[in-house]
Every structure is written in C-alpha cells, then in structure tokens.
Amino acid sequence: MITKRIIPCLDVKDGRVVKGVNFKSLSDVNDPVELASFYSDNGADELVFYDITASSEGRQLFTDILQKVASTVFIPLTVGGGINTVADFDRVLKSGADKVSVNSGAIKNPELISEAARLYGSQCVVISADVKRVDGVFRVFSKGGREQTELEAIEWIKRCVGMGAGEVVLNSIDTDGVKKGFDIEMLDAVCNAVNVPVIASGGAGSVNDFIDLFKRVPRVDAGLAASVFHFGEIAIPDLKKELKKNDIKVRI
Amino acid sequence: MIAIVDYGVGNLFSLRSSFKAIGADAVFTSDEKVINQADRIILPGVGAFEDAANKLKNTGLGEVVVNEVKNGKPLLGICLGMQLLFEKSYEFGCHEGLGLIPGNIVSFKGKISTELKIPEIGWNELTLNKESVLYKGFSGGEFVYFVHSYFAECENKYVSAFSEYGIDFPASVETGNVFGCQFHPEKSGKVGLEILKNFCEAGDVI
Chain A
0 MITKRIIPCL DVKDGRVVKG VNFKSLSDVN DPVELASFYS DNGADELVFY DITASSEGRQ
60 LFTDILQKVA STVFIPLTVG GGINTVADFD RVLKSGADKV SVNSGAIKNP ELISEAARLY
120 GSQCVVISAD VKRVDGVFRV FSKGGREQTE LEAIEWIKRC VGMGAGEVVL NSIDTDGVKK
180 GFDIEMLDAV CNAVNVPVIA SGGAGSVNDF IDLFKRVPRV DAGLAASVFH FGEIAIPDLK
240 KELKKNDIKV RI
Chain B
0 MIAIVDYGVG NLFSLRSSFK AIGADAVFTS DEKVINQADR IILPGVGAFE DAANKLKNTG
60 LGEVVVNEVK NGKPLLGICL GMQLLFEKSY EFGCHEGLGL IPGNIVSFKG KISTELKIPE
120 IGWNELTLNK ESVLYKGFSG GEFVYFVHSY FAECENKYVS AFSEYGIDFP ASVETGNVFG
180 CQFHPEKSGK VGLEILKNFC EAGDVI
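If you read the protein sequences in the order shown, they are chains A and B. Under numbering that gives the first Met the number 0, the first residue of the first sequence carries the number 0, and numbering increases by one thereafter. Under numbering that gives the first Met the number 0, the first residue of the second sequence carries the number 0, and numbering increases by one thereafter.
In case anyone wonders, no lab produced these hints; they're calculated from the structure. Incorrect hints may have been included.
To be verified - Think about it this way: if two alpha-carbon atoms lie no more than 16 Å apart in a straight line, the pair counts; the simulated EDC-like pairs of lysine to aspartate or glutamate are:
#1 Lys248(A) <-> Glu124(B)
#2 Lys93(A) <-> Asp5(B)
#3 Lys12(A) <-> Asp30(A)
#4 Lys189(B) <-> Asp40(A)
#5 Lys108(B) <-> Glu163(B)
#6 Lys142(A) <-> Asp10(A)
#7 Lys248(A) <-> Glu163(B)
#8 Lys69(B) <-> Asp38(B)
#9 Lys19(B) <-> Glu193(B)
#10 Lys243(A) <-> Glu124(B)
#11 Lys110(B) <-> Glu152(B)
#12 Lys135(B) <-> Glu200(B)
Same shape as in the complex, but just chain B (with noise of 0.2 Å):
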C-alpha cells in the first residue's frame, strides 16, 4: 500500500487517479498508523514552501515520514513536495525543509533571462544524469509537465535528471531510498504514469 501524505495542501484528485490507473493501492491519509504500515510513501505538494512546511511540522507528519524513510521506506516528493526533501529554502525568506538531500531551494529570479517566464509552465524535457529506477526503460528527451518559480540547487550526484529553462535545472532528484520530481508525473501522459508506475516497483531493487 502507497500512502499519500494528506497535510492539506494542493489538489490531490488527479494523483489519486493515476494510482487507480497504474493498478496501484494508494491511500491518502494523515494517519501515523497507515503511514508506518505503507510500503511507500508520496509526499505530495503545491503552494508556499512556508505553509507546506509549517503544516508538515505541526501536525508531526513531517517527523513521521523522516522516520519512515531513515527506516529505509521509499519515499516520493512531487513539486513542492519535492523542494521540502531539502535543507532550505529561500522562497519569501528562509524556511527549513525536513533536511533528506543537501541542498537549497532557490527561484529562477536573476538566475535567467527576463524573456523567460515565471513560473515555467509547460512541458520540458528530460536529460537522465544518473541511472536511476525511476526512469527504467527510458532513454533521456521524455517529455514532462512542469509548473514552479523555484529549483533546487544541489550536488550533480543527487540529480537523477535535469531539464533546461534558461539553466540546466534538477528535474528529479534521488539519494537511496528518497526521490524527488519537480514535475508533476500525474499530468506528464504516459511518461508520468510509467515514473509512478517505476516507483512503485522501486522498493523491490533498492
């Protein structure tokens, strides 16, 4: 069973179609309990790093999935679920991220040219940077859906892929058992449901 972290933050309907549809057993939940019996677990996302991460640390969940995931549990953070794996992050001031991969989260904001947009909205390609379970049977340019105004910045050996927008940016990142997409693979297509669908099995090669 996948437990999908329910914090109150974002909209969740879609992830829990692409479970239903890959045949996966996804539950959403804000109990200790279903998240100590998952065998994986999603760390969903969308809004203020600050809000999400004040919500992870007052209601305790944060806690929980840092020690489900140092017990060795294979856990996905998807878009701003993904930012709050990192140390920091400097989005409106400095907030504290529940620290799994070194690294800071920082805005394309005088990092690229002001003829790129902010937020990147849209589709973007991937390059595979390491090899990683995610991406089995893939070859590098899948293309995946993207919708942020902040990036992590990080040592190339957590980047499992980078996309460019301006800069060369991680479009996921991984260190042992914690996974992380900026993108959202519940609206990339096929290619989205084929990287949960490889998450899923993840457990079993780790």
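Here chain A stands alone, though its shape is the one from the complex (with noise of 0.2 Å):
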C-alpha cells in the first residue's frame, strides 16, 4: 500500500537556507546540501526547494546548489520559485530535480503547464496554489500570497490538471503560519475536485495536527512544512511512529 508523504520544505535565498533551523548535529544549520542530507537520513520523504533569491546570480548558485544536493541525496527533489518559462524547467531538471513546481509563473502564463507537461511529463509538473477566503470564496493569490488573483481557487486547480499538472500543493495562507493545524475544510474541496496527488501545506503546529490531516482527509497523501520540522519542534522519525500508531501508512 501506498504510503502517506511527509515533505520538509526549504526556503532558499542566494545559496542559503532561509530561517535555517537549529540542529545541534549540524555544523553549519545554513547550508542546503547538509540540512537535505540530514532529512533525508531522518524520514523525510521527498524535499522541496523554493528559490526566494530575486537576483540571475542568486538563480545561478541555487541551480549549483541543487546539483550539489542532487548528487547526495537520493529521495525526491522538488523545486519551486521563480518557474516562469519552459527554460526553467529545463534549468532546474538538468540540475537534478525531479519535479517542478509553477504558482505565478502559471497565473500569468497557464500555457506553462501543458507545454511543461507535454515536454516533460505530468509527472514532474506541480502546481503551487496559494489560497484564502475573501468573502466566503477560496481565492488564488500570487507573488507569494500578496496579491489577490480573480481566480476561484477549485476551478482554477481542476483547469491546471486539465492542462497536465500531475500534482498539486495547497497552501492555505488563512491557516499557514499560524501552527493550528491543516486547512481541513480547503482540502477536502480541492482532494475531492482532482484525481492527482495533493500535498497539505500550511497549519502544521504539532504531531496531532498531521493525524488529524490524514484521519480527516483521507484522500490527502502528504503533508508538507517547513518551520516545525527546522526548529527541532517535530522530528520526523518521532511524528511517523505517532501516524503509524494511528494506523496512517508510512514509510518507517
């Protein structure tokens, strides 16, 4: 049977893991290659990347950054940030990644999807969702949530799995940051709407927040985060054995 996922998620900006987390066994808590090789050897199940850096030098120490990650680690590599053209993603998979995720790149251009999908295959094509309420409708925001879209936030997920995307991460920014727990109710929506897999991002604040993910949501099949995984607050070995307690596949 086919095991729930558990995703850290790394922020990178000009080479360096952002908000770099603080464990004693790492000598150096900022450096991308070691932080993947450290959740890679504790549980983690597939990694994802976002390139924050804004600068084309920044972009050229991510792309060798990712090699060098590439090149140690052998679990799933997922890369998002700054994905506008066809030729990002052929940057970023040359450079080892297996999948590549789109958010505004996809907004602005949803061709990008179906031409990435039909160069590349649905199997590496993800689409990032940013997601609030206004006024009783989930709402698609872009460049990192600041902007709102006039985009329905179900619709436009089911349009990009049309057009090929072959995954979806939804992050819900009414419950991201706030370490409540998962946006059950957004989920549900969007795992009910599409056949793809959907990856849970936004919420997570503690090892009861991703049971109740996956009781909950049963058609969700991974959980994704970032800050509670890089302040030492959850280790994954410890949040699998509590989900495997609780009857919830994983990969142990």
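Now that you have both chains on their own, put them together as the hints suggest.
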C-alpha cells in the first residue's frame, strides 16, 4: 500500500537556507546540502526547495546547490520559485530536480503547464496554489501570497490538472503560520475535485495536526511543513511513529 | 564499466549520481562499441512507451542491447526501461517492446478502485516473490519510490517482488540476466542504492 508522505520545505536565498534550523548535529544550519542530507537520513520522503532569490547570480548559485543536493540525496526533489518559462523547467530538471512547482508563473501564463507537461511529462509538473478565503470564496493569490487574483481556487486547480499538472500543493494562507492545524475544509474541497496527488501545506503545529490531516482528509497524499521541522518542534521519525500508531501508513 | 543507454528520454542526473555514490563506473552512452565493452547495461526511461520504443528502434540501440543480453550481459531496465523489456504495451494503442520477457504492459485504469489515483506516485512496499540477487540482504517490507500509470502483466515466475496498489502488481521482474524495476532505485534512498549495488555485483553470481 502506498504511504502518506512527509515533506520538509526549505526556502533558499542566495545559496543559503533562510530561517535556518537549529539542530545541534549540524555544523552549518544554513547549508542546503547538509540540511537535505539530514532530512533524508531522518525520514523525509521528499524535499521541496523554494528559490526565493531575486537576482540572476542567486539563480546560478541555486542551480549549483541543487546539483550538489541531487548528487548526495537520493529521494525525490521538487523545486519551485521563479519558474516562469520552459527554460526554467529545463534548468532545474537538468540540475537534478524531479518535479518542478509553478505558481505565479502559471497564473501569468497557464500554457506553461501544458507545454511543460508535453515536454517533460505530467509527473514532473506540480501546481502550487496559495489560497485564502475572501468573502466566503477560495481565492488564488499570486506573488507569494501578496497579490489577490480573480481566480477561484477549485476551478483554477481543476483547470491546471486538466492541462497536465500531475500533482497539487495546496497552501492555505488562512492557516499558514498559525500552527493550529491544516486547512481541512479547503483540502477536502480540493481532494474531491481532482484525481492527482494533493500535498497539504500551511498550519502544521504539532504531531496531532498531521494525524488529524490524514484521518479527516483520507484522500490527501502528503503533509508539507517548514518551521516545525526546522526548529526541531517535530522530529520526523517521531511523527512517523505516531502516525503508524494511528494506523496511517508511512515509510519507516 | 556500466553502460547507461542514452537514447534521449528522461532525466538522467540522479542515475549518474547514484552510481557515483556507490563507487561504480557508469557512463552514459549511445555508442554501440561502449555498450559492447560494458560489463552491465542500464536501460533508463521516463515518458511515453511509444516514443521510447521508437527511439530504441530508430537508433538501433534496442537491437544492440538485445544482442548483448543474448550473449549473457546483465541488463537492468528502470521504470519505462523495465516496461520496454516486455513484448507489448497497451499505452495509447499497442506497441512492441524488446520482447526479452514474456508479458504485456497494461494500465491501472479499470483494474483498481477509482478511489486510487493514477499515476501511483510515492513510496510503496516490496513483497519479495523469489530469490533475487537484487534483493540480497533484504527481508521484504522495504520501501521504494514509484511514479507510474502502467504495470507489467506477466507470469508469476518472472516477478521478483510485488507491491500493492489496489491490486498486486510486479514491482520488479527478472529472468536470467534480465532485470527490471518498475520503481526508481535512484530515488529510493539507501534501499535503492543497495539495489543498484547488488545489480553491479550481479554478473558474478549469474
């Protein structure tokens, strides 16, 4: 039986992990390569890297780092941030990414999804959506959640999947950073609308939040989080043990 | 030396890195001479069956690989590379494979509950089905990483391990010196590296 996946997310700026972690076993907590190995050795099923660099020098640095990570860590790697063209797909895939996540780039140009799916296969095209409730409607936000769009989230995600996106990362702006649990209602709506894997993001604060997620939204495939893992509040091996105790299938 | 057949499909970065990590000498090649000289062959592949099968045919590399295998050289097909080892695939029509293992490639669609998503993406467990050099030191229950919508339908005797996704399907197959993994060993962490390492030593025991 396929397992539920646990995915740490690392934000990288100018070649360094932002909001570095505080694991005592790491000599350089801001080194993406060292962190990736640490997570891979400690139960992460997959890693997501977001490139939040603005400069082209930073982009080059990111690609170099990605190559180093992909040379030492042998679990699936998803890369996002600054993906606007097929050339961006090409750059990160050649550097060792397995999947590429698009967000604002797809909002600006939805054709990017179909073109990338045709060239590289749906399995490596991930649509990442930042969603917030506005007047009772799930609205898609772009530019890292700063700019509201006219798009209704469920329709948008369905459209992206129809164009060839093979996986969805749903980040609820409403629950993000609050650490009071994932956005069950929003996730349930998305999981019922599409038949590709859905990764839950935003709101993880405790082990119970993950148990709650997988129990209440059985169709969700993975839980993604950043700070609770980085700050050592949740150790992935402990999390997986608890999930297993609760009859949730995980890779141990 | 291990020849990884480069016929223009898929992302080979991780495969190259995996062999480097286990200290094996692997080269990407589309050169017949290099494949002839190699001790072992890897047939990778991601994407559509028809396109890959055509590329193998048009470049002549499919024939080169088949001849080497008939002379006893160990071959490992990975993901689509495994599917290509079979006789036929029913992915968008009916297309011929290399015919090294009797059986066909069929879709999960219609064979599993509609509750299950297609493709299967993620980590799934191995249930060992027969003794295999690939699984030296394994006891079953190891997790490996899959990304696929189609699987092999073949006789039980060719299946070295099963996984379950609504139905039991072959996670890996083998007959003689021909091996295939539906999963991606190069993405399956330490377990995957162990499998690649076992394959690198396979020639010594066949």
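Next on the checklist: Need the status of pair Lys142(A), Asp10(A): alpha-carbon distance at most 16 Å?
Outcome noted: 15 Å, holds
Checklist entry - Under the criterion that the straight-line Cα-Cα distance not exceed 16 Å, is the pair Lys243(A), Glu124(B) satisfied? => result It holds: about 15 Å lies between the C-alpha atoms, which stays within 16 Å.
Checklist entry - Is the Cα-Cα distance between Lys19(B) and Glu193(B) 16 Å or less? => result This hinted pair holds, its Cα atoms lying about 13 Å apart.
Item to check | Given hint Asp38(B) paired with Lys69(B) - CA-CA distance at most 16 Å | outcome: 13 Å, holds
Next on the checklist: Holds or violated: Lys248(A) and Glu163(B), Cα atoms, limit 16 Å.
Outcome noted: Within the cut-off at roughly 13 Å; holds.
Item to check | Restraint check for Lys110(B) with Glu152(B), where alpha carbons must lie at most 16 Å apart | outcome: Within the cut-off at roughly 12 Å; holds.
Checklist entry - Between Lys108(B) and Glu163(B), does the CA-CA distance stay at or below 16 Å? => result Measuring from Cα to Cα gives roughly 15 Å; hence the hint holds.
Checklist entry - Are the Cα positions of Lys189(B) and Asp40(A) separated by 16 Å at most? => result 9 Å, holds
Item to check | Hinted pair Lys135(B) and Glu200(B), Cα distance within 16 Å | outcome: 10 Å, holds
Item to check | Hinted pair Lys12(A) and Asp30(A), Cα distance within 16 Å | outcome: 11 Å, holds
Next on the checklist: Against the 16 Å threshold, does the CA-CA distance of Lys93(A) and Asp5(B) hold or violate the hint?
Outcome noted: Given that 16 Å is the threshold and the Cα spacing comes to 14 Å, the pair holds.
Next on the checklist: Check whether the Cα positions of Lys248(A) and Glu124(B) lie no farther apart than 16 Å.
Outcome noted: 10 Å, holds
Of the hints listed earlier, there is not a single one the structure fails to meet.
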